[in-house]
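Peer 1: Sequence:
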Amino acid sequence: MCLKCCSYIDTLVSGSPILQNGKLIGAVTHVIVDGPQKGYAIFAENMLETAQGAAEQIKEAS
Numbered sequence: 002m003c004l005k006c007c008s009y010i011d012t013l014v015s016g017s018p019i020l021q022n023g024k025l026i027g028a029v030t031h032v033i034v035d036g037p038q039k040g041y042a043i044f045a046e047n048m049l050e051t052a053q054g055a056a057e058q059i060k061e062a063s
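Quick note, in the numbering used here, the sequence shown goes up one by one and the last residue is 63.
Just so you know, not all the hints are guaranteed correct.
[To be verified] Label pairs and their in silico Cβ distance ranges:
id, residue 1, residue 2, range
1, Gln58, Leu20, 23 to 33 Å
2, Gln58, Asp35, 19 to 29 Å
3, Ser15, Ser63, 43 to 53 Å
4, Glu50, Gln21, 17 to 27 Å
5, Ile59, Ser17, 21 to 31 Å
What the hints contain is simulated information worked out from the structure, not anything from laboratory work. Just so you know, even glycine gets a beta-carbon here, dropped at the ideal spot from N, CA and C.
Construct the entire structure; sequences and hints are all you get.
Peer 2: Here it is as structure tokens:
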């Protein structure tokens, strides 16, 4: 895929896993359309903490 010519690169890669040394370390959140080599991501640890917090809130509410 040509990253420089694709105007929809942000929707194509958002949510893609980021692997380092064969381990999941995070996921792509979005990229800069005019500069597809730049963007933002979230660490897997932050995703896990957020999911655990949401699960606890749901448990408390029921």
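Peer 1: Each hint needs a verdict: does it hold in this structure or not?
Peer 2: Against the structure, the hints:
| no. | hint | verdict |
| --- | --- | --- |
| 1 | Gln58 x Leu20: 23 to 33 Å | holds, 30 Å |
| 2 | Gln58 x Asp35: 19 to 29 Å | violated, 38 Å |
| 3 | Ser15 x Ser63: 43 to 53 Å | violated, 31 Å |
| 4 | Glu50 x Gln21: 17 to 27 Å | holds, 19 Å |
| 5 | Ile59 x Ser17: 21 to 31 Å | holds, 27 Å |
Hint check: violations occur at hints 2, 3; the rest are consistent with the structure.
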